[in-house]
Amino acid sequence: MHLILFIVFAGFCLAGAVNLLLQSHPINSALSLIVVMTSLAVLYLLLGAEFLAAAQVIVYAGAIMVLFTFVVMLLNAGREERTLGSRATRAVGFPAVVAILAVIATVILHAQGLGSATLGEGLTNVRGSTNIEELSVVLFTKLLLPFEVTSVLILIAILGAVALARHGHGERERTGGK
Amino acid sequence: MNSLFSQEVPLSWYLLLSAALFSLGIVGFLLKRNLITVFMSIELMLNAVNLSFVTFAHQWHEVKGQIFVFFVMMVAAAEAAVGLAIIIAVFRARATLAVDRIDLMKL
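Protein sequence lines, in the order shown, are assigned to chains A and B. Everything in the first sequence is counted per the numbering used here, starting at 1 for the first residue and increasing by one. Everything in the second sequence is counted per the numbering used here, starting at 1 for the first residue and increasing by one.
One chain only, chain A, in its complex shape (with noise of 0.2 Å):
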């Protein structure tokens, strides 16, 4: 069941990232987006992580993707025109993609001691608790700190991005300056 599964989502993964590429317009893009995260998603399942397939897909899936997709249909962004890219793009970036995937391949495929997967088998059945109380305990005692640093960051995210997307930004400034 485990393969089968793995299989399946591995291949839309794979497919929605693939559509990526080859869609010319950004909201076809952005959906075949939401398809690879939500796979994501039973992937994480898969390993043992419920509560991050659960935040991926109202996370990544929900939160970031609509406002992804709210761009799109604000700018009315419409078909790219596809140009060649330049000529280090193709003498130096292609390459550079290929021998990063082929070293990566290799050191995964030469590793030692990497285990597998079973269904139902993740963090859950070694300490007896499920993988949530695993996590809060240990988000809420030891990286207590960090997590309301990222508070912090959230807080200034959302006054930058109020500050850039402000209208009239640019021409009170142009016409102060004047």
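Hints listed in this document are in silico derivations from the structure and should not be mistaken for laboratory results. Please note that the accuracy of each hint is not assured.
[To be verified] Facing chain B, from chain A, some residues (calculated, C-beta under 7 Å): (1) ALA10; (2) ALA17; (3) VAL42; (4) TYR44; (5) LEU75; (6) THR83; (7) SER116; (8) ALA117.
[To be verified] Derived CB-CB ranges, DEER-like: (9) SER86/A with ILE86/B: 44 to 52 Å; (10) GLN7/B with PRO95/A: 30 to 38 Å; (11) ILE86/B with THR83/A: 21 to 29 Å; (12) VAL162/A with ILE102/B: 47 to 55 Å; (13) ARG79/A with TRP60/B: 39 to 47 Å; (14) HIS61/B with ARG90/A: 41 to 49 Å; (15) THR83/A with GLU62/B: 42 to 50 Å; (16) ALA93/B with VAL8/A: 41 to 49 Å; (17) PHE71/B with ALA163/A: 30 to 38 Å; (18) GLU8/B with ALA91/A: 38 to 46 Å; (19) GLU81/A with PHE71/B: 31 to 39 Å; (20) ILE102/B with PHE70/A: 19 to 27 Å.
As the structure is a prediction and not an experimental result, all values here were calculated from the model. Beta carbons: idealized from backbone N, C-alpha and C, even for Gly.
Based on the hints, put chain B in the right spot on chain A.
Just chain B, lined up with the frame of chain A:
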């Protein structure tokens, strides 16, 4: 058929999937010519790295890997908000999303 249902999946397959998604993200970053789609490719790379974090958390039975993914998600949310605001500001100033035309800082 029964053996097919009880079969285990090696963790290296998850890592290979993660590497493939990351490479597709890099290719998208290099190939796409729309600012928003370039940004989506970056999100794809972040997701690929998250998958390998979860895989290693499963391998070592260590919950810290999953917490790392949690923090990556939060940073990605902040990054998406600010990045899309910058894209809106760029579109207002230059009325285009094509990365070839946004070349003010080019030498």
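Verification of the hints:
1. ALA10: 5 Å, holds
2. ALA17: 4 Å, holds
3. VAL42: 11 Å, violated
4. TYR44: Holds - the Cβ of TYR44/A comes within 7 Å of chain B, reaching about 6 Å at its closest.
5. LEU75: 5 Å, holds
6. THR83: THR83/A check passes; min Cβ-Cβ to chain B is 6 Å, inside 7 Å.
7. SER116: 4 Å, holds
8. ALA117: Holds, because the Cβ-Cβ distance from ALA117/A to chain B comes to roughly 5 Å (cut-off 7 Å).
9. SER86/A with ILE86/B: 44 to 52 Å: 22 Å, violated
10. GLN7/B with PRO95/A: 30 to 38 Å: 37 Å, holds
11. ILE86/B with THR83/A: 21 to 29 Å: With Cβ atoms ~22 Å apart, the hint holds.
12. VAL162/A with ILE102/B: 47 to 55 Å: This hint is violated: roughly 23 Å between Cβ atoms.
13. ARG79/A with TRP60/B: 39 to 47 Å: 46 Å, holds
14. HIS61/B with ARG90/A: 41 to 49 Å: Holds: the Cβ-Cβ distance is about 44 Å, inside 41 to 49 Å.
15. THR83/A with GLU62/B: 42 to 50 Å: Distance hint for THR83/A, GLU62/B holds at roughly 45 Å.
16. ALA93/B with VAL8/A: 41 to 49 Å: 45 Å, holds
17. PHE71/B with ALA163/A: 30 to 38 Å: 24 Å, violated
18. GLU8/B with ALA91/A: 38 to 46 Å: Hint holds: Cβ distance 43 Å, inside 38 to 46 Å.
19. GLU81/A with PHE71/B: 31 to 39 Å: 38 Å, holds
20. ILE102/B with PHE70/A: 19 to 27 Å: 21 Å, holds
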